[in-house]
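Following the hints, complete the assembly by docking chain B onto the known chain A.
Number of protein chains: 2
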Amino acid sequence: MTHGTGGTERRTVPDGLPVSIADVEEAARRIAGVVVPTPVLRADALDAAVGARVHLKAENLQRGGSFKLRGATNLLASLTDDERARGIVAYSSGNHARGVAIAARTLGIDAVVVMPHDAPPEKVAAVGAEGATIVGYDRYTEDRAAIAASIATRDGRTVVPPFDDPRIMAGQGTVALELAEQVERLDVLVVCLGGGGLLSGCAVVAADRWPGVRIIGVEPDAGDDHRRSRAAGHRVAVAVPRTIADGQATTMPGEHTWAVNGALVDEFVSVSDTAIVEAMRFVFDELNVVAEPSGASALAALLSGVVTVPVGARVGVTLSGGNVSVSRFARLLGETP
Amino acid sequence: MTHGTGGTERRTVPDGLPVSIADVEEAARRIAGVVVPTPVLRADALDAAVGARVHLKAENLQRGGSFKLRGATNLLASLTDDERARGIVAYSSGNHARGVAIAARTLGIDAVVVMPHDAPPEKVAAVGAEGATIVGYDRYTEDRAAIAASIATRDGRTVVPPFDDPRIMAGQGTVALELAEQVERLDVLVVCLGGGGLLSGCAVVAADRWPGVRIIGVEPDAGDDHRRSRAAGHRVAVAVPRTIADGQATTMPGEHTWAVNGALVDEFVSVSDTAIVEAMRFVFDELNVVAEPSGASALAALLSGVVTVPVGARVGVTLSGGNVSVSRFARLLGETP
Numbered sequence: 001m002t003h004g005t006g007g008t009e010r011r012t013v014p015d016g017l018p019v020s021i022a023d024v025e026e027a028a029r030r031i032a033g034v035v036v037p038t039p040v041l042r043a044d045a046l047d048a049a050v051g052a053r054v055h056l057k058a059e060n061l062q063r064g065g066s067f068k069l070r071g072a073t074n075l076l077a078s079l080t081d082d083e084r085a086r087g088i089v090a091y092s093s094g095n096h097a098r099g100v101a102i103a104a105r106t107l108g109i110d111a112v113v114v115m116p117h118d119a120p121p122e123k124v125a126a127v128g129a130e131g132a133t134i135v136g137y138d139r140y141t142e143d144r145a146a147i148a149a150s151i152a153t154r155d156g157r158t159v160v161p162p163f164d165d166p167r168i169m170a171g172q173g174t175v176a177l178e179l180a181e182q183v184e185r186l187d188v189l190v191v192c193l194g195g196g197g198l199l200s201g202c203a204v205v206a207a208d209r210w211p212g213v214r215i216i217g218v219e220p221d222a223g224d225d226h227r228r229s230r231a232a233g234h235r236v237a238v239a240v241p242r243t244i245a246d247g248q249a250t251t252m253p254g255e256h257t258w259a260v261n262g263a264l265v266d267e268f269v270s271v272s273d274t275a276i277v278e279a280m281r282f283v284f285d286e287l288n289v290v291a292e293p294s295g296a297s298a299l300a301a302l303l304s305g306v307v308t309v310p311v312g313a314r315v316g317v318t319l320s321g322g323n324v325s326v327s328r329f330a331r332l333l334g335e336t337p
Numbered sequence: 001m002t003h004g005t006g007g008t009e010r011r012t013v014p015d016g017l018p019v020s021i022a023d024v025e026e027a028a029r030r031i032a033g034v035v036v037p038t039p040v041l042r043a044d045a046l047d048a049a050v051g052a053r054v055h056l057k058a059e060n061l062q063r064g065g066s067f068k069l070r071g072a073t074n075l076l077a078s079l080t081d082d083e084r085a086r087g088i089v090a091y092s093s094g095n096h097a098r099g100v101a102i103a104a105r106t107l108g109i110d111a112v113v114v115m116p117h118d119a120p121p122e123k124v125a126a127v128g129a130e131g132a133t134i135v136g137y138d139r140y141t142e143d144r145a146a147i148a149a150s151i152a153t154r155d156g157r158t159v160v161p162p163f164d165d166p167r168i169m170a171g172q173g174t175v176a177l178e179l180a181e182q183v184e185r186l187d188v189l190v191v192c193l194g195g196g197g198l199l200s201g202c203a204v205v206a207a208d209r210w211p212g213v214r215i216i217g218v219e220p221d222a223g224d225d226h227r228r229s230r231a232a233g234h235r236v237a238v239a240v241p242r243t244i245a246d247g248q249a250t251t252m253p254g255e256h257t258w259a260v261n262g263a264l265v266d267e268f269v270s271v272s273d274t275a276i277v278e279a280m281r282f283v284f285d286e287l288n289v290v291a292e293p294s295g296a297s298a299l300a301a302l303l304s305g306v307v308t309v310p311v312g313a314r315v316g317v318t319l320s321g322g323n324v325s326v327s328r329f330a331r332l333l334g335e336t337p
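As they're listed, the protein sequences go chains A and B. Residues 1 to 337 (this note's numbering) make up the first sequence, in order. Residues 1 to 337 (this note's numbering) make up the second sequence, in order.
For the record, the hints were derived by calculation from the structure and aren't laboratory data. Glycine included, C-beta positions come from ideal geometry on N, C-alpha and C. Do not take every clue at face value.
[Stated by the list, open to error] Far from chain A, some chain B residues (derived; all Cβ distances over 12 Å):
1) R84
2) A129
3) G295
[What the hints assert, rightly or not] In silico contact screen, one side only, chain B against chain A (beta carbon under 10 Å); selected entries:
4) P39
5) M252
6) R281
[Claimed, not checked] Just so you have them, the derived chain B footprint on chain A, three or more residues with Cβ under 8 Å:
7) 12-23
8) 288-294
Bound-form chain A, shown alone (with noise of 0.2 Å):
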């Protein structure tokens, strides 16, 4: 249990942190032409069941369906002509590999994709359909960063990485920078958690945005290595996480994710595929909107109780992808016809 008191002291930011405000806004302004801003989604229902006044930054409504569009494209607009040339190859479980190959479509970028087996087959038709070239592994025995080098070196080309990489971390910021010209002012932030590039950019917005934010990350119970980390004191990795939060089954934190979550986050919680499928429910039912496992956990610690926050509480809370289809979301919530 965590209570997001919300104080009034700003932060104290580090110096040498791999991504700055500046960072983000050069960010936001890069990325302008194609990602969307997305909406901010209230629901009376959904402050009447947190307490609070819950701000979702509906990413899941983002071209791509998920946040991942952002960093995806920060990188790619900040290569060189003749990196551009190249081309890039990336690693990720589905909704990163969508985002790059949107933006490489886009920005006329050759993309090659090395996606898991058990990725779900409707994230990687979707790659597919956007014209990248897609190379598959095993998630339990295989390294897919090891690949995508591989193919780096004989290609010559560039390596998109999921999330441990400023220019990717700096990108996923702009959902807080966004966030933060639509709202007001937030107590607490409450962002889903994988290998920690939304959560660190958004980090980095909210301690330049929000003094005495306090900033929360959640990942499935499975995979809390950042939890663990934070216990220990330095990175440690857990085994693959099996959960139905398919884009958070990262095993440890990255060196610079972590190097902005270590400083600025103030907690690390995790919650069940149950708290996550009933979170699912929740937006569907009353928010008449589509969220993946992934997608819902930081809601889920919320609804669920792991995460309680102040009566009243001003709080933003990420619903960063919708990526499922009607098919694996029947299922997940054991719907018969």
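Just chain B, lined up with the frame of chain A:
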């Protein structure tokens, strides 16, 4: 088949229509604190499927899950203090009931709502949750308007009809007024059509704001009373429609709505329940939002080819509601876990 050509001539708006553009503008000011502005959704896959630039006005993201809150709020906010004190009575298949209930609670007005026994249970529950008193009736054998009228006479309550009232029509028209602020220009406007409240209000705005726009109303095949009325040259009734589009199960155009729609709407078309289900699937898969059957009918007309538009045309489409439970949604889409 209809070809929305989007000419450049401003249509002639007859004198003496029951709703003017000034009425809609006044409604927008009156309801501003209660309704939320809804986003316009776009998707590459949607543009590709239709062959045009499609702007989905997402009223499924409105408070109460549909556009109905707009008209209800406009009517209730127009009542005198004495009328407010005596309360209101409404009849509805679901979404109007919920809109009325929210508006009544917000404005502190006691509400009775007459709902059919076969209304989706989640819609009935949502109305009850807002504090309204619910009176049930049989949609196939009883006259809901007569039931509401007798309650009104008995208690001195004001009747809030679901569509055939200029204050309701003006309120629903704020959907298009808001859309006109969000998009530069439209060549074609495609609107979900039951009793005609939404269409009539939007038609008044479209005629004023988008010269040459082609206005199309979309009914379910089983409830094509507007199409038949246009063919007959006067209002005609159909049997109570059996369709999944419960919000469009009306039997006859309204008197006031027909005065507007008969004059301003270019074409009335109808879609099958199958086409509606496919549109619901499309917005789930490609836009990550939930549409109920009635709310998806306008888009269904475009996706199924019932309405065709010129390549590259700028098309506005109402996604007018999203109130469908997870289990009904899964059942309609034929999903088994």
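Hints, verified against the model:
No beta-carbon of chain A is positioned within 12 Å of the beta-carbon of R84(B); the least distance is around 21 Å. Distance check on A129(B): its Cβ comes as close as 8 Å (rounded) to a Cβ of chain A, failing to clear the 12 Å threshold; non-interface status is violated. With 12 Å as the threshold on Cβ separation, the claim that G295(B) sits away from chain A is violated: the shortest Cβ distance comes to roughly 9 Å. For the restraint placing P39(B) at the interface with chain A, the shortest Cβ-Cβ distance is roughly 4 Å, inside the 10 Å limit, so the hint holds.
Look at M252(B): its Cβ only gets to about 29 Å from chain A, farther than 10 Å, so that hint breaks. Satisfaction of the interface hint for R281(B) is found here, the shortest Cβ-Cβ separation to chain A being roughly 6 Å, below the 10 Å cut-off. For the stretch 12-23 of chain A, the stated coverage by chain B is violated: 0 residues have a C-beta nearer than 8 Å to a C-beta of that chain, whereas at least 3 were required. Counting residues of the stretch 288-294 of chain A whose CB lies closer than 8 Å to any CB of chain B gives 4, which reaches the minimum of 3, so the coverage claim holds.
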